[in-house]
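Same order as they appear, the protein sequences are chains A and B. Using our numbering, read the first sequence as starting at 1 and increasing by one per residue. Using our numbering, read the second sequence as starting at 1 and increasing by one per residue.
Check the hints yourself; a few may be wrong.
Unchecked claim - Restraint-style ranges between C-beta atoms, simulated for each label pair:
1) A:Q193 / B:G157: 33 to 43 Å
2) A:D197 / B:Q85: 17 to 27 Å
3) B:G281 / A:A141: 32 to 42 Å
Claimed, not checked - Short, incomplete list of chain B residues facing chain A, as computed with Cβ under 7 Å:
4) G55
5) R116
6) E119
7) A232
8) N265
9) G268
10) M271
11) Y279
12) T353
13) T374
14) L376
No lab work stands behind these hints, which were simulated from the structure alone. Beta carbons: idealized from backbone N, C-alpha and C, even for Gly.
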Amino acid sequence: MSILVNKDTKVIVQGFTGGEGTFHSEQCMAYGTNIVGGVTPGKGGQTHLGKPVFNTVKEAVKATGATVSMVFVPPAFVGDAVMEAATAGIELAVIITEGAPVKDMQAAKACATKNGMMTIGPNCPGIITADECKIGIMPGAIFKKGNVGLISKSGTLTYEGANQVVNEGYGITTAVGIGGDPIIGLSYKQLLQMFQDDPETEAIVMIGEIGGDLEIQAAQFIKENVTKPVVAFIAGQTAPKGKRMGHAGAIISGTAGTAKEKMDALSAVGVEVVVSPAEIGKAVKKVLS
Amino acid sequence: MNIHEYQAKQIFAQYGVPTPRGIIANTPDEAVANAKELGGNIWVVKAQIHAGGRGLGGGVKLAKSLEEVKQLADEILGMTLVTHQTGPEGKLVQKVYIEEGADIQDELYLSVVLDRAAEMPIIMASTEGGMDIETVAAETPEKIIKVAVDPAFGFQGYHGRELVFGLGITDKAEQKKMIQFASKLYNLYMDKDAEMIEINPLIKTGSGDFLALDGKMGFDDSALGRHPDIEAMRDISEEDPDEREASQYGLSYIALDGEIGCMVNGAGLAMGTMDTINYMGGTPANFLDVGGTASAETVAKGFEIILKNPNVKAIFVNIFGGIVRCDRIANGILEATKMVDVNVPVVVRLDGTNAPEAAEILKNANIDNVIAATDLGDGAAKAVAAAKGEK
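For reference, chain A alone in the conformation it holds in the complex (with noise of 0.2 Å):
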């Protein structure tokens, strides 16, 4: 078992034909993605990497089945592809692409959900569930399958907390990098209660930063809906106020969305919080053990 994604899931990309959609579908392809085909508007009909190009979603849909979408399009493209696929009977929508207008992916997001189609990202690793499925551009072999399942907001440290998981023994079900964009799909809440049904899943990594209180609500989330053990790390504990990190999401503003905020509104909850992302792996040990 897993969440959201296995190796029958069929998986269409939007954006396949150019330089990043062609790099990582094929590596994704490799790790035994099942990948149906692409769309590319304009080279309809063309083969690549051996599936079937096509100048709509909808055409690829009716064609092949496909259920979740892999974007990779260029970030002015992103809320239209979005919008297009699920009005096209997409159901999980997976947004690699960095640098999406904040304005387009509000009105892709409320798009995506009067359609009930799933979204995650954008700019994100994308989602991986170990020897079966890999949509996005983590390194696929570091994800070794076993019992655990993790949820980051940023891409390395998901690698890194994978890494660390796998070195200790372990294994992960699935990973999601959920992204740290102000407007993003799944976040925490969401995927915390399919880790909780997954039977599978035995133990929950959970990867935060500063700024925003989605690690907040995740707190109080799992107060009352997880019986799973958690580990936490958030990132920024060093960080100074009102600079911007990177992300986004990463940037403090008065006292919301501090470090020590989120670890403690999860500690106190009983989750494992470590304040080092190198104490990630002993500390799934430790709760499995």
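Use these hints to put chain B onto chain A, whose structure you have.
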């Protein structure tokens, strides 16, 4: 991207958001000429820097004669203004805005920002204008009125009514003016992909008009491509030169006041690395994210920027290669040692894609002050020890 007050007011004018009249000046003589052109007998001389709290810092002064305009402009131009938002180093004032004096009867607060939880813009208003809004939020949160506007449906009459009744505006004509003010500000926020607009104070004059006495605006960097008019307002002198140089090479750099230079891929891991150094008893000298497409050249540039900081006693390179390939980083380190004099110990931890190749490259290069680390904890510990002069 942020802009100056005078630029924000130019945009307000385009959208019919009322402001006092004013003209920007670069010299005291220009300031006097501007005051003459504006007419009247009272003017405000306002320092233009990208930070709040200018009034308290002595950057906003009232002049009651043209001589006083000249004297104040002379004082303020070229001063280093320190406010609670500039940091202790302050900011150099290069322009002053000369504005006509306003008849202030009441001071209000109005802003438009993104509400992340509601996933739509929110208009915030308060009767407590002129005060720091964070103080108002902490002490008297009931005095802040919040109205979320769904862009799918736009600004409606009820949004306006919630604002004016919340602010206690009872006069019909004044209600109408305030609703128009807020609706125009919302439209401007959406049209220009603003990240934040804040007017503090928004004043009511003796004749019952509402004017934006101040104006602060920030824009979504990701959307600047479709707003060349906004991009043209960028004032690079307001940006940190090192941060700006780094950004030209695709690096995201922020100087801090510690001793261990950091070079990391990904913002989250970069912050996590700083946290780990701190946890191990060291202090980070900077945040540096080399991004997803680091090459030998960008890594070398990263070293150059880190080493400009004289406080740096050791460097910790922490790369978890996903998109970034570790062999490229290893080559970058070799390049850097040829291009810049790397005179401090460099602890290197490379993991992920092509890590074995990278280890081989570094081993063969056999550079004296490069110390290999096996993982994040090991690397941070070695960097802290190296910065303390221990081997």
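Hints, one by one, checked against the model:
1. A:Q193 / B:G157: 33 to 43 Å: 39 Å, holds
2. A:D197 / B:Q85: 17 to 27 Å: 46 Å, violated
3. B:G281 / A:A141: 32 to 42 Å: Holds, since B:G281 and A:A141 (Cβ atoms, about 34 Å apart) stay within the stated range.
4. G55: 19 Å, violated
5. R116: 5 Å, holds
6. E119: With Cβ-Cβ at 6 Å, under 7 Å, it holds.
7. A232: 18 Å, violated
8. N265: 6 Å, holds
9. G268: Holds, about 2 Å.
10. M271: OK, holds: B:M271 within 7 Å of chain A, min 4 Å.
11. Y279: 4 Å, holds
12. T353: This hint holds: B:T353 lies near chain A, its Cβ roughly 5 Å from the closest one there, short of 7 Å.
13. T374: 10 Å, violated
14. L376: 4 Å, holds
Consistency note: the structure conflicts with the earlier hints numbered 2, 4, 7, 13.
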